[in-house]
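The whole structure should be built from the sequences, with the hints applied where relevant.
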Amino acid sequence: MKQFAEYIPIAIFAGVYFYTRDIFISTAVLMAGMLLQVIFEFATTKSVSKRTLFIFAMVVVLGGLTLAFRNEAFIQWKPTLVNWAFCIALLAGHYFSKQNFLQKILGEQIQLPSHVWKNLTLGWSLGFFIAGALNLIVAFYFSMDFWVSYKLIGGFAITLVYIIITMIYLLKGGYIEEPEATDSKSDPADVK
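Residue numbering for the sequence shown follows the working numbering, beginning at 2 and increasing consecutively.
Among the hints, a few may not be true.
[As the list claims (entries may be wrong)] Pair ranges (Cβ atoms, derived):
1. T21 with L123: 19 to 27 Å
2. T21 with K99: 33 to 41 Å
3. S150 with Y176: 33 to 41 Å
4. Q100 with G175: 23 to 31 Å
5. S50 with G175: 26 to 34 Å
6. I13 with S50: 19 to 27 Å
7. E178 with F70: 49 to 57 Å
8. Y170 with F43: 31 to 39 Å
9. I89 with E109: 48 to 56 Å
10. S115 with T21: 46 to 54 Å
11. I26 with K99: 41 to 49 Å
12. K173 with D23: 29 to 37 Å
13. R71 with E109: 44 to 52 Å
[Stated by the list, open to error] No farther apart than 30 Å at their CA atoms in a straight line, the calculated lysine-lysine pairs in the DSS-like style are these:
14. K99 with K51
15. K173 with K99
16. K105 with K51
17. K119 with K99
18. K51 with K119
19. K47 with K105
20. K105 with K119
21. K173 with K119
22. K173 with K105
If you are wondering where the hints come from, they were derived from the structure by calculation, not from laboratory data. Because the structure is a prediction, the values reported are computed rather than measured. C-beta atoms are modelled at their ideal positions from N, C-alpha and C, and glycine is treated no differently.
If you want it as structure tokens, here you go:
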């Protein structure tokens, strides 16, 4: 549910943009939407994740610069800077800390050997780097309409692809098991 809620401000941003064709109005709406997301998260969980606060801060700073200077390049850099910050955080945790950040975040849900956490960290770091680079290409070599569409669909699609790749890696390595299919047919021995 929380992951879905994270896309609501982006969807509203895109909807407002395609209705008004005004990136500045859309940016102001995105800033307001992110504020509402922070308030909603706090109201429902009594806390706000560091990730949400970081993204909110980036939207406020870069959105504010976009509005103050009437220059859309600031808000177009936001996805790149967020993705690259996540890449750097994962790599810094891997190389300079005794803690694996992915393991810290997901370790209660899934138990994996340390070398698998290392591989996942490096893989997701690469993914965040690529996502940031793709955003720059789309932002500065394509139209604003295309960039807004990419922002709406591309981020979700890239995340989905990373999740699928991660699941395939974990399944092929035998680190998680495929769920067994339930047989809807009744056992012939149960028939009277």
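To see whether the hints hold, each was checked on the structure:
no.: 1; hint: T21 with L123: 19 to 27 Å; result: violated (42 Å)
no.: 2; hint: T21 with K99: 33 to 41 Å; result: violated (50 Å)
no.: 3; hint: S150 with Y176: 33 to 41 Å; result: holds (36 Å)
no.: 4; hint: Q100 with G175: 23 to 31 Å; result: holds (25 Å)
no.: 5; hint: S50 with G175: 26 to 34 Å; result: holds (31 Å)
no.: 6; hint: I13 with S50: 19 to 27 Å; result: holds (20 Å)
no.: 7; hint: E178 with F70: 49 to 57 Å; result: holds (53 Å)
no.: 8; hint: Y170 with F43: 31 to 39 Å; result: holds (35 Å)
no.: 9; hint: I89 with E109: 48 to 56 Å; result: violated (24 Å)
no.: 10; hint: S115 with T21: 46 to 54 Å; result: holds (50 Å)
no.: 11; hint: I26 with K99: 41 to 49 Å; result: holds (47 Å)
no.: 12; hint: K173 with D23: 29 to 37 Å; result: violated (47 Å)
no.: 13; hint: R71 with E109: 44 to 52 Å; result: holds (46 Å)
no.: 14; hint: K99 with K51; result: holds (20 Å)
no.: 15; hint: K173 with K99; result: holds (27 Å)
no.: 16; hint: K105 with K51; result: holds (13 Å)
no.: 17; hint: K119 with K99; result: holds (12 Å)
no.: 18; hint: K51 with K119; result: holds (22 Å)
no.: 19; hint: K47 with K105; result: holds (21 Å)
no.: 20; hint: K105 with K119; result: holds (12 Å)
no.: 21; hint: K173 with K119; result: holds (17 Å)
no.: 22; hint: K173 with K105; result: holds (23 Å)
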